[in-house]
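There are 2 protein chains.
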Amino acid sequence: MSVTAATGFSAAGIAAGLKSADAEGHAPRDVALVLNHGPDKHAAAVFTTNRVAAAPVLWSQQAITDGRADAVVLNSGGANACTGAPGFADTHQTAEVVAEKLQATGADVSAGDVLVCSTGLIGVRLDMPALLTGIDAAVGQLEPAETAGHRAAQAIMTTDSVMKVSTATGADFTIGGMAKGAGMLAPGMATMLSVLTTDAVIAQPDLDAALREAVRLSFNRADSDGCMSTNDTVIAMASGAHPEADPSGVDLSEFQAALNQVCQDLATQLIADAEGAHHEIAISTINAATEEQAETAGRSVARSNLFKTAIFGQDPNWGRILSAVGTTDVDFDPSTIDVSVNGVWICRAGGIGDDRDLVDLSGRHVKVVIDLKAGAAEATILTNDLTHDYVHENSAYSS
Amino acid sequence: MSVTAATGFSAAGIAAGLKSADAEGHAPRDVALVLNHGPDKHAAAVFTTNRVAAAPVLWSQQAITDGRADAVVLNSGGANACTGAPGFADTHQTAEVVAEKLQATGADVSAGDVLVCSTGLIGVRLDMPALLTGIDAAVGQLEPAETAGHRAAQAIMTTDSVMKVSTATGADFTIGGMAKGAGMLAPGMATMLSVLTTDAVIAQPDLDAALREAVRLSFNRADSDGCMSTNDTVIAMASGAHPEADPSGVDLSEFQAALNQVCQDLATQLIADAEGAHHEIAISTINAATEEQAETAGRSVARSNLFKTAIFGQDPNWGRILSAVGTTDVDFDPSTIDVSVNGVWICRAGGIGDDRDLVDLSGRHVKVVIDLKAGAAEATILTNDLTHDYVHENSAYSS
Numbered sequence: 001m002s003v004t005a006a007t008g009f010s011a012a013g014i015a016a017g018l019k020s021a022d023a024e025g026h027a028p029r030d031v032a033l034v035l036n037h038g039p040d041k042h043a044a045a046v047f048t049t050n051r052v053a054a055a056p057v058l059w060s061q062q063a064i065t066d067g068r069a070d071a072v073v074l075n076s077g078g079a080n081a082c083t084g085a086p087g088f089a090d091t092h093q094t095a096e097v098v099a100e101k102l103q104a105t106g107a108d109v110s111a112g113d114v115l116v117c118s119t120g121l122i123g124v125r126l127d128m129p130a131l132l133t134g135i136d137a138a139v140g141q142l143e144p145a146e147t148a149g150h151r152a153a154q155a156i157m158t159t160d161s162v163m164k165v166s167t168a169t170g171a172d173f174t175i176g177g178m179a180k181g182a183g184m185l186a187p188g189m190a191t192m193l194s195v196l197t198t199d200a201v202i203a204q205p206d207l208d209a210a211l212r213e214a215v216r217l218s219f220n221r222a223d224s225d226g227c228m229s230t231n232d233t234v235i236a237m238a239s240g241a242h243p244e245a246d247p248s249g250v251d252l253s254e255f256q257a258a259l260n261q262v263c264q265d266l267a268t269q270l271i272a273d274a275e276g277a278h279h280e281i282a283i284s285t286i287n288a289a290t291e292e293q294a295e296t297a298g299r300s301v302a303r304s305n306l307f308k309t310a311i312f313g314q315d316p317n318w319g320r321i322l323s324a325v326g327t328t329d330v331d332f333d334p335s336t337i338d339v340s341v342n343g344v345w346i347c348r349a350g351g352i353g354d355d356r357d358l359v360d361l362s363g364r365h366v367k368v369v370i371d372l373k374a375g376a377a378e379a380t381i382l383t384n385d386l387t388h389d390y391v392h393e394n395s396a397y398s399s
Numbered sequence: 001m002s003v004t005a006a007t008g009f010s011a012a013g014i015a016a017g018l019k020s021a022d023a024e025g026h027a028p029r030d031v032a033l034v035l036n037h038g039p040d041k042h043a044a045a046v047f048t049t050n051r052v053a054a055a056p057v058l059w060s061q062q063a064i065t066d067g068r069a070d071a072v073v074l075n076s077g078g079a080n081a082c083t084g085a086p087g088f089a090d091t092h093q094t095a096e097v098v099a100e101k102l103q104a105t106g107a108d109v110s111a112g113d114v115l116v117c118s119t120g121l122i123g124v125r126l127d128m129p130a131l132l133t134g135i136d137a138a139v140g141q142l143e144p145a146e147t148a149g150h151r152a153a154q155a156i157m158t159t160d161s162v163m164k165v166s167t168a169t170g171a172d173f174t175i176g177g178m179a180k181g182a183g184m185l186a187p188g189m190a191t192m193l194s195v196l197t198t199d200a201v202i203a204q205p206d207l208d209a210a211l212r213e214a215v216r217l218s219f220n221r222a223d224s225d226g227c228m229s230t231n232d233t234v235i236a237m238a239s240g241a242h243p244e245a246d247p248s249g250v251d252l253s254e255f256q257a258a259l260n261q262v263c264q265d266l267a268t269q270l271i272a273d274a275e276g277a278h279h280e281i282a283i284s285t286i287n288a289a290t291e292e293q294a295e296t297a298g299r300s301v302a303r304s305n306l307f308k309t310a311i312f313g314q315d316p317n318w319g320r321i322l323s324a325v326g327t328t329d330v331d332f333d334p335s336t337i338d339v340s341v342n343g344v345w346i347c348r349a350g351g352i353g354d355d356r357d358l359v360d361l362s363g364r365h366v367k368v369v370i371d372l373k374a375g376a377a378e379a380t381i382l383t384n385d386l387t388h389d390y391v392h393e394n395s396a397y398s399s
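Protein chains in written order, with UniProt numbering: chain X, 1 to 399; chain P, 1 to 399.
It is possible that some hints are incorrect.
Claimed, not checked - Computed far set for chain X versus chain P, every beta-carbon distance over 12 Å:
| id | residue |
| --- | --- |
| 1 | 261 |
| 2 | 282 |
| 3 | 385 |
Unchecked claim - In silico SDA-like pairs for lysine to any residue, Cα to Cα no more than 20 Å straight-line:
| id | chain 1 | residue 1 | chain 2 | residue 2 |
| --- | --- | --- | --- | --- |
| 4 | P | 367 | P | 392 |
| 5 | X | 373 | P | 129 |
| 6 | P | 373 | X | 84 |
| 7 | P | 101 | P | 113 |
| 8 | X | 101 | X | 65 |
| 9 | X | 367 | X | 392 |
| 10 | P | 19 | P | 113 |
| 11 | P | 367 | P | 378 |
| 12 | P | 373 | X | 380 |
| 13 | X | 367 | X | 380 |
| 14 | X | 373 | P | 373 |
| 15 | P | 101 | P | 132 |
Claimed, not checked - Residues from chain X that keep clear of chain P, each with C-beta distances beyond 12 Å, as calculated:
| id | residue |
| --- | --- |
| 16 | 225 |
| 17 | 286 |
| 18 | 314 |
| 19 | 321 |
| 20 | 337 |
| 21 | 386 |
| 22 | 393 |
Read the hints as simulated data drawn from the structure, not as lab findings.
Note that this is a predicted model, so its numbers are computed, not measured.
Note that the Cβ used here is the ideal one computed from N, Cα and C, for glycine as well.
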């Protein structure tokens with residue numbers, strides 16, 4: 001299930017010709033549309049903090065300020081980033097055409113409430129005739145069916161090898177979501193995009209707060225190669241259309257837990273599908289002074305090329321882990337820190353611990369635990385190893 | 001010429017058996033000794049800021065506090081990092097033995113003024129019997145000859161393919177230096193170490209200030225893979241022994257310029273010899289609000305794996321450069337920034353500029369210029385590309 005799991009949403013995913021045909025000559029899907037039929041049109045969004053933000057990000061940041069979104073249109077096959085004023089005009093036109101076509105079907109949609117997401121090459125204008133034709137086709141194929149949600153999830157894929165979808169349900173709500181991108185593993189092409197839909201009755205400020213918390217705990221802790229895209233966007237929309245919805249609103253803690261689960265599931269799928277990766281690595285920092293410090297320590301390790309190449313080489317090189325933690329300002333004592341890899345505490349008290357030959361790194365999953373012994377907070381960062389395939393994917397790729 | 005270029009210094013480089021024999025069965029040099037014969041024993045040092053500092057760093061930080069150093073002993077074949085109290089005791093013993101052996105030759109040396117540097121694997125104790133025997137041999141082979149300086153430079157090599165030495169002269173002084181390490185390209189093994197010697201008459205506070213400024217402009221702007229070692233150390237010693245030295249001291253600006261030149265030359269040699277690199281990349285940020293902001297922008301690009309793999313693939317991917325600058329907080333307007341690669345301004349006003357096909361990346365040297373249009377300051381960061389060989393070197397390497 002995907003963005004159509006919740007009541008009140010329809011979706012489409014079609015091939016507009018923005019992406020090249022595959023080896024068998026099939027045109028891949030590259031335009032997705034998600035429509036909120038209401039009654040509520042509450043929406044919230046989180047965007048990249050990269051100051052070189054793509055045109056669709058600049059547009060959507062403005063469009064979401066009123067807390068309402070009627071529809072989201074997404075395209076792969078072009079990021080529309082670093083394209084200047086003409087690129088922004090392209091995004092504007094995209095939203096206008098989506099609104100116009102949807103209005104023609106009787107939907108209550110205004111261009112200023114159409115969010116736009118793009119992913120693909122940076123520094124290239126979109127093929128607007130193809131995109132606008134594609135929007136026309138997508139509007140005609142909007143459906144609330146599960147298959148329609150899956151087609152939308154497929155249409156936003158770039159280097160993804162599989163679509164990423166997830167759902168969760170509560171007493172009186174359903175949450176569905178789709179995502180694409182592999183951290184930032186394949187740049188220009190690998191923006192992280194996600195659209196989350198729910199039929200919960202939830203006030204917009206509550207939806208906004210819940211989305212920010214869920215993103216903080218999930219997508220923001222998936223750090224494949226430390227590079228931040230110009231296009232990253234996560235959007236949540238609430239229709240309030242659940243048949244058994246309590247008009248006074250969902251239980252917020254139940255909703256938060258379900259949203260966290262969907263986002264965490266999608267983030268895990270992104271890391272699992274990271275281009276070129278041979279290992280999925282979870283770095284848990286425990287007994288930190290604060291949750292923020294736990295995150296900082298784990299992120300520093302996740303961004304160490306030396307650590308990431310060591311894991312690729314199946315080398316439990318704890319010195320590289322300590323060295324990466326040592327570059328941060330988090331509270332810890334280098335003479336008491338412990339580190340385990342796949343359950344073996346190979347570093348104890350900042351020095352040589354248990355036999356490193358006991359560590360088995362032949363599998364795809366790697367679990368690193370860093371015990372800072374400085375408090376009671378913890379956080380887990382997800383990342384990948386650095387492989388020959390990563391270098392190949394990101395150097396051979398012609399932009 | 002090397003650390004023996006300046007009057008008042010002798011050096012040695014010998015094979016103690018800390019490193020394995022090479023393919024032809026020759027034992028490589030792995031212990032270096034540099035002795036300051038005075039009359040001045042002024043010294044200054046800059047160390048890694050990694051909080052997981054190796055035992056020799058902790059020792060030398062204490063030893064240098066009085067501004068005096070009589071000798072420096074350096075070993076490859078082991079970093080003596082993450083080795084706890086026993087590792088610190090090993091370093092202490094090393095300094096004691098160096099002092100004792102030198103005193104036996106009539107030299108004025110105290111253990112508390114013997115600096116120690118180590119480089120090699122993290123988390124492994126040194127072979128102390130071999131090291132102490134090696135120190136004995138090194139003391140017996142101390143010479144002021146150029147060849148002795150070169151032997152010392154060879155003894156500190158790890159993954160280096162060539163020794164790095166440099167000299168500069170002023171009206172009444174000579175500066176000589178040696179260095180090892182390739183940024184942090186080969187971890188555990190690739191600590192950056194450098195010893196600089198001069199026969200200048202210079203007060204210790206002036207030597208200290210000159211060293212910090214030279215390191216800031218050179219070694220600290222060579223950022224091969226963004227990883228910071230546990231052992232990095234740069235040491236400067238001044239003997240005041242130049243035959244034509246003015247007792248009132250050198251011209252400080254002339255000395256600073258010469259020291260900058262030697263450090264810049266050594267840093268350039270380090271980047272040129274970075275393990276696994278196919279390109280040497282100079283990233284110049286111009287028209288920045290401050291020199292610090294210029295450095296921040298360049299360093300962000302130098303640390304982008306996406307940029308580094310693109311250069312390996314000979315792809316002038318300016319979108320990845322803009323994206324990296326966009327993650328910083330430096331002053332710039334995404335709609336006015338220009339970027340050139342090897343002389344071609346492929347990004348103008350934040351968008352598509354001149355024809356990217358004009359950029360020739362087939363050679364080893366790459367020059368990136370980022371024009372922030374926010375001021376008048378500039379800085380250049382040196383780095384390397386990210387290659388299959390880097391992944392191979394750092395994953396296959398057994399630690």
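Going down the list of hints, with the structure as the test:
No beta-carbon of chain P is positioned within 12 Å of the beta-carbon of residue 261 of chain X; the least distance is around 29 Å. In this structure residue 282 of chain X is separated from chain P by more than 12 Å, as the shortest Cβ-Cβ distance comes to about 20 Å. Taking the minimum C-beta to C-beta distance to chain P, about 8 Å, the non-interface status of residue 385 of chain X is violated against the 12 Å cut. For the hint pairing residue 367 of chain P with residue 392 of chain P, the CA-to-CA distance comes to about 26 Å; that exceeds 20 Å, so the pair is violated.
The straight-line distance between the Cα atoms of residue 373 of chain X and residue 129 of chain P is roughly 36 Å, outside the 20 Å bound, and the hint therefore fails. Only pairs whose Cα atoms come within 20 Å are accepted, and residue 373 of chain P paired with residue 84 of chain X is accepted, the gap being roughly 17 Å. A hinted pair counts as satisfied when its Cα atoms are at most 20 Å apart, and residue 101 of chain P with residue 113 of chain P qualifies at roughly 14 Å. For the hint linking residue 101 of chain X to residue 65 of chain X, the alpha-carbon distance of about 23 Å lies beyond 20 Å, and the restraint is violated.
Between the alpha carbons of residue 367 of chain X and residue 392 of chain X the distance comes to roughly 26 Å, so the proposed pair goes past 20 Å and is violated. Restraint check: the Cα-Cα separation between residue 19 of chain P and residue 113 of chain P comes to about 26 Å, which exceeds 20 Å; the hinted pair is violated. Under the criterion of a C-alpha separation no larger than 20 Å, the hint pairing residue 367 of chain P with residue 378 of chain P is consistent with the structure, at around 14 Å. Between residue 373 of chain P and residue 380 of chain X the CA atoms are separated by roughly 40 Å; this puts the pair beyond 20 Å, and the hint is violated.
Proximity of residue 367 of chain X to residue 380 of chain X is assessed by CA-CA distance (about 10 Å); at most 20 Å being required, the pair is judged to hold. Between residue 373 of chain X and residue 373 of chain P, the direct Cα distance comes to roughly 46 Å. Violation of the 20 Å bound is thereby established for this hinted pair. Between residue 101 of chain P and residue 132 of chain P the alpha-carbon distance is near 10 Å, which keeps this suggested pair within the 20 Å criterion. Remark: the non-interface label on residue 225 of chain X conflicts with the geometry, its nearest Cβ contact in chain P lying 5 Å away (cut-off 12 Å).
Distance check on residue 286 of chain X: its Cβ is at least 18 Å (rounded) from any Cβ of chain P, clearing the 12 Å threshold; non-interface status holds. Not every CB of chain P is more than 12 Å from the CB of residue 314 of chain X (nearest about 8 Å), against its label as outside the interface. The beta carbon of residue 321 of chain X is not kept farther than 12 Å from every beta carbon of chain P, the shortest such distance being approximately 9 Å. Remark: the non-interface label on residue 337 of chain X conflicts with the geometry, its nearest Cβ contact in chain P lying 8 Å away (cut-off 12 Å).
With a least CB separation of 6 Å from chain P, residue 386 of chain X falls inside the 12 Å interface cut-off, contrary to its annotation. Not every beta carbon of chain P lies more than 12 Å from that of residue 393 of chain X, the smallest distance being close to 8 Å; the non-interface claim is violated.
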